[in-house]
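A.B. asks: Residues per chain are reported as follows:
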Amino acid sequence: MNKRTTPWLLLAPALLIAGLYVLFPVAQALSMSLHYVNLFHPRTRPFVGLTNYLNALSDPVFWRSLFNSFIWVFGSVSMQFLLGFGAALLLNRSFAWRGVARALVIVPWALPSVIIGLIWTWMLDFNLGIVNALGTRLGLISSPIAWLSRPDTAMVAVMLAVVWQGFPFFAVTLLAGLQGIPAELYEAASLDGASTAGKFWHVTLPGLASVIATALLLRMIWVANSLDLILVMTGGGPGTATLTLPLHAMLTAWSGGNYGKGSALAVILTLILLGGMIFSLLGKRKQ
Amino acid sequence: MKGRMKTVLVTELPMLAILAFALGPWLWMLLSSIRPERDMTRTPLMIWPSTLTLAHHIELLERTSFVENLRDSLIVAAGTVMVGLGLALPAAYAFSRFRFRGRTTMRSLFLIINMFPIVMLILPLFILMRQLRLLDTYFALISAHATFTLPFAIWLLTSYMDGIPTELDQAALIDGATRWQTMRFVILPLVGPGMVAVGIYLFITSWNEYLFALVLAGEQVRTVTVALQMFIGENGINWGLLMAGGTLVGLPATVLFLLLQRRLVGGLTAGAVKG
Numbered sequence: 001m002n003k004r005t006t007p008w009l010l011l012a013p014a015l016l017i018a019g020l021y022v023l024f025p026v027a028q029a030l031s032m033s034l035h036y037v038n039l040f041h042p043r044t045r046p047f048v049g050l051t052n053y054l055n056a057l058s059d060p061v062f063w064r065s066l067f068n069s070f071i072w073v074f075g076s077v078s079m080q081f082l083l084g085f086g087a088a089l090l091l092n093r094s095f096a097w098r099g100v101a102r103a104l105v106i107v108p109w110a111l112p113s114v115i116i117g118l119i120w121t122w123m124l125d126f127n128l129g130i131v132n133a134l135g136t137r138l139g140l141i142s143s144p145i146a147w148l149s150r151p152d153t154a155m156v157a158v159m160l161a162v163v164w165q166g167f168p169f170f171a172v173t174l175l176a177g178l179q180g181i182p183a184e185l186y187e188a189a190s191l192d193g194a195s196t197a198g199k200f201w202h203v204t205l206p207g208l209a210s211v212i213a214t215a216l217l218l219r220m221i222w223v224a225n226s227l228d229l230i231l232v233m234t235g236g237g238p239g240t241a242t243l244t245l246p247l248h249a250m251l252t253a254w255s256g257g258n259y260g261k262g263s264a265l266a267v268i269l270t271l272i273l274l275g276g277m278i279f280s281l282l283g284k285r286k287q
Numbered sequence: 288m289k290g291r292m293k294t295v296l297v298t299e300l301p302m303l304a305i306l307a308f309a310l311g312p313w314l315w316m317l318l319s320s321i322r323p324e325r326d327m328t329r330t331p332l333m334i335w336p337s338t339l340t341l342a343h344h345i346e347l348l349e350r351t352s353f354v355e356n357l358r359d360s361l362i363v364a365a366g367t368v369m370v371g372l373g374l375a376l377p378a379a380y381a382f383s384r385f386r387f388r389g390r391t392t393m394r395s396l397f398l399i400i401n402m403f404p405i406v407m408l409i410l411p412l413f414i415l416m417r418q419l420r421l422l423d424t425y426f427a428l429i430s431a432h433a434t435f436t437l438p439f440a441i442w443l444l445t446s447y448m449d450g451i452p453t454e455l456d457q458a459a460l461i462d463g464a465t466r467w468q469t470m471r472f473v474i475l476p477l478v479g480p481g482m483v484a485v486g487i488y489l490f491i492t493s494w495n496e497y498l499f500a501l502v503l504a505g506e507q508v509r510t511v512t513v514a515l516q517m518f519i520g521e522n523g524i525n526w527g528l529l530m531a532g533g534t535l536v537g538l539p540a541t542v543l544f545l546l547l548q549r550r551l552v553g554g555l556t557a558g559a560v561k562g
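Going down the list, the protein sequences come from chains A and B. Residues in the first sequence are numbered from 1 upward in steps of one, following our numbering. Residues in the second sequence are numbered from 288 upward in steps of one, following our numbering.
It is possible that part of the hints are untrue.
Said to hold, decoys possible - Derived pair list, reagent style DSS-like, types lysine-lysine, alpha-carbon separation capped at 25 angstroms:
hint : chain 1 : residue 1 : chain 2 : residue 2
1    : A       : K284      : A       : K199
2    : A       : K199      : B       : K293
3    : B       : K289      : A       : K3
Please keep in mind that the hints were generated in silico from the structure rather than gathered at the bench.
Model the full assembly from the supplied sequences, consistent with the hints where possible.
C.D. replies: Next up, the structure:
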């Protein structure tokens with residue numbers, strides 16, 4: 001073992017499995033997206049060029065799922081962010097039970113998506129859900145709502161569940177960022193006569209900007225890719241009301257048996273995410 | 288006194304509201320799992336249970352496959368911890384202790400793994416596993432979970448190793464120890480806390496995972512997340528049973544998460560905070 005080969009030997013197992021489980025499937029998915037691959041015609045696999053992509057793009061369901069994905073990602077991540085930021089600001093103040101609050105606020109984060117989906121499906125149940133029970137008793141809604149089976153409320157309902165799951169991530173990340181802002185900056189601002197709002201705009205936000213940008217990017221990628229919560233709660237329905245792009249890709253391949261088109265949809269999703277990522281990284285560099 | 292009032296109004300009350308939102312659904316699951324069946328089918332819903340009972344938990348453990356599902360989940364999660372650490376430790380050591388050409392590229396390359404949507408990778412993986420006759424085995428799930436947790440495991444372990452002074456390795460090397468001995472007897476004991484943190488992260492992620500567990504296994508090897516979801520299909524929904532299952536599955540991950548949170552969250556946020 002000499003100095004040049006040792007690190008590569010140490011990296012080899014990790015590289016090998018990553019190549020097998022990531023690079024190879026990526027290449028496979030790209031190849032499948034250019035072929036007619038169907039579960040129900042396993043013997044033939046003709047090359048069809050971009051047909052799968054054209055089929056996908058000319059399908060109104062694709063555009064609906066793309067629209068749903070935008071609502072799902074931007075709507076739920078902005079709510080997660082606002083709630084998490086609020087929690088972080090509160091946790092950064094001093095009060096007696098701060099340690100306990102800080103520990104407990106992350107509880108939703110630890111649960112599996114499947115269970116989160118089940119809990120919220122149960123809470124949003126038409127007859128026996130606690131949301132309808134409390135809502136009608138407190139007079140917030142006049143009659144029970146079938147949250148998950150109405151096209152106009154289903155998206156809001158699944159977003160509520162993902163906001164619950166995801167806001168602790170922002171609370172914890174932004175709290176760490178807040179604690180990284182030097183206290184001297186606040187003291188200096190006080191000496192200059194800055195108000196609480198002034199300190200927030202001129203010290204807190206600039207000091208937190210890069211943490212916010214990174215946390216938002218990471219979370220958006222995660223939410224854009226995640227499909228288990230929706231799969232458990234609505235399966236994309238009713239109709240296509242909660243069908244997001246990854247779920248559309250999954251169902252096309254899985255239930256539809258159309259591996260070629262499903263792969264094309266997955267590749268389109270990857271390209272959109274990649275584009276978004278490059279765009280935000282370029283923006284960061286420019287600053 | 289005035290300051291105390293202000294703290295209550297602008298800090299403690301809003302914090303309490305957020306905590307109620309965070310904990311409410313968890314507690315509602317717990318409460319639903321220990322209330323009698325007759326409470327679960329009667330409208331209008333009673334918020335407070337008439338009595339408390341463990342009937343749902345007992346039914347779940349005695350009359351369903353849940354104990355086997357728990358065992359499968361445990362095997363897969365424990366396997367993921369071992370395989371994941373086995374892969375991440377040498378890689379982290381290489382990143383932390385060697386300066387070689389391509390090091391930065393390699394570090395970013397591992398992070399890119401997590402940027403590919405699972406939905407794009409899972410179909411080819413399913414086909415690959417089927418051809419290798421590995422579908423529905425512990426191996427399939429363990430290797431998949433270990434791979435997709437690898438980026439974060441390597442990232443976190445590397446930062447732990449960076450915290451161990453290199454003088455210690457150099458002293459050992461000068462004393463005539465081989466690289467392997469240095470790693471085994473100097474680094475490994477010191478990086479213990481970091482390994483515990485990464486191990487718990489691996490365990491929770493594998494324990495909670497659904498999509499791979501559904502697609503790459505699900506019949507012979509059926510983890511709890513897949514099993515719970517399948518309970519829905521079978522003759523209507525028994526919410527008491529499902530909530531009992533949710534409580535039993537959610538408890539270990541939650542407890543581990545609470546135990547570990549400082550360490551894990553520190554590592555998790557380090558990347559984001561450094562920007």
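A.B. asks: Please verify whether K284 of chain A and K199 of chain A have alpha carbons no more than 25 angstroms apart.
C.D. replies: 24 angstroms, holds
A.B. asks: Against the 25 angstroms threshold, does the CA-CA distance of K199 of chain A and K293 of chain B hold or violate the hint?
C.D. replies: This hinted pair holds, its Cα atoms lying about 19 angstroms apart.
A.B. asks: For the pair supplied as a hint, K289 of chain B and K3 of chain A, is the alpha-carbon distance within the 25 angstroms limit?
C.D. replies: 67 angstroms, violated
Hint compliance for this structure: hint 3 is the single one not met.
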